[in-house]
Amino acid sequence: MDQENFSATENPHVKKLQRELNAGTVALVMLTIIERAGQPLYGYQIAKTLEQADESVVAGKQSALYPVLRTMCANGLLDSYVEPSVSGPPRRYYRITEQGRAVLVEWQQAWQKTKNFVDQILSEADHA
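Under UniProt numbering, the residues of the sequence shown are numbered 1 to 128, in order.
It is worth saying that the hints were derived from the structure and are not from the lab.
Glycine included, each C-beta is placed from N, C-alpha and C at the ideal position.
Watch out, some of these pointers could steer you wrong.
[Claimed, not checked] DEER-style ranges, computed between Cβ atoms:
id	residue 1	residue 2	range
1	122	67	15 to 21 Å
2	82	124	49 to 55 Å
3	117	10	27 to 33 Å
4	119	15	19 to 25 Å
5	109	20	20 to 26 Å
6	113	87	28 to 34 Å
7	120	35	39 to 45 Å
8	28	83	24 to 30 Å
9	126	83	47 to 53 Å
10	16	86	20 to 26 Å
11	36	113	17 to 23 Å
12	39	11	14 to 20 Å
[Claimed, not checked] No more than 27 Å apart at the CA atoms, straight line, and that leaves these computed lysine-lysine pairs for DSSO-like:
id	residue 1	residue 2
13	61	16
14	48	16
15	15	113
16	115	15
17	15	48
18	48	61
19	61	15
20	16	115
21	48	115
22	113	16
23	61	115
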């Protein structure tokens with residue numbers, strides 16, 4: 001199959017890069033969502049917020065978010081608690097800790113540096 005008929009979503013190289021980028025940024029994005037909410041969120045709310053931003057990030061992979069949330073709790077970036085739900089099973093809510101806020105600032109700075117570096121290299125490649 002030639003490249004012109006090979007869409008980005010079918011291209012295995014693009015899919016691999018997208019998976020790697022998503023894996024490397026999901027904790028940053030989730031921590032940002034929880035911090036910006038200003039109130040505790042449960043997993044489904046976090047997944048829906050991600051889905052609204054880009055359906056392809058979460059599509060069929062909502063369960064993959066929970067290990068990331070558990071890891072952030074174990075690392076002291078989030079607190080969680082369970083509350084009964086009026087419709088369905090109890091819900092685990094997540095809220096950012098002070099340590100999580102401090103780490104988020106550092107992660108955002110690291111992301112900005114990385115993004116600037118990549119943008120610089122890509123723009124230089126466009127002008128070569």
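Hint check results:
no.: 1; hint: 122 to 67: 15 to 21 Å; verdict: violated (32 Å)
no.: 2; hint: 82 to 124: 49 to 55 Å; verdict: holds (51 Å)
no.: 3; hint: 117 to 10: 27 to 33 Å; verdict: holds (29 Å)
no.: 4; hint: 119 to 15: 19 to 25 Å; verdict: holds (22 Å)
no.: 5; hint: 109 to 20: 20 to 26 Å; verdict: holds (21 Å)
no.: 6; hint: 113 to 87: 28 to 34 Å; verdict: violated (44 Å)
no.: 7; hint: 120 to 35: 39 to 45 Å; verdict: violated (28 Å)
no.: 8; hint: 28 to 83: 24 to 30 Å; verdict: holds (27 Å)
no.: 9; hint: 126 to 83: 47 to 53 Å; verdict: holds (51 Å)
no.: 10; hint: 16 to 86: 20 to 26 Å; verdict: violated (43 Å)
no.: 11; hint: 36 to 113: 17 to 23 Å; verdict: holds (21 Å)
no.: 12; hint: 39 to 11: 14 to 20 Å; verdict: violated (40 Å)
no.: 13; hint: 61 to 16; verdict: holds (16 Å)
no.: 14; hint: 48 to 16; verdict: holds (24 Å)
no.: 15; hint: 15 to 113; verdict: holds (24 Å)
no.: 16; hint: 115 to 15; verdict: holds (20 Å)
no.: 17; hint: 15 to 48; verdict: holds (22 Å)
no.: 18; hint: 48 to 61; verdict: holds (12 Å)
no.: 19; hint: 61 to 15; verdict: holds (15 Å)
no.: 20; hint: 16 to 115; verdict: holds (19 Å)
no.: 21; hint: 48 to 115; verdict: holds (25 Å)
no.: 22; hint: 113 to 16; verdict: holds (23 Å)
no.: 23; hint: 61 to 115; verdict: holds (25 Å)
The structure fails to meet hints 1, 6, 7, 10 and 12 from the earlier list, while all remaining hints are met.
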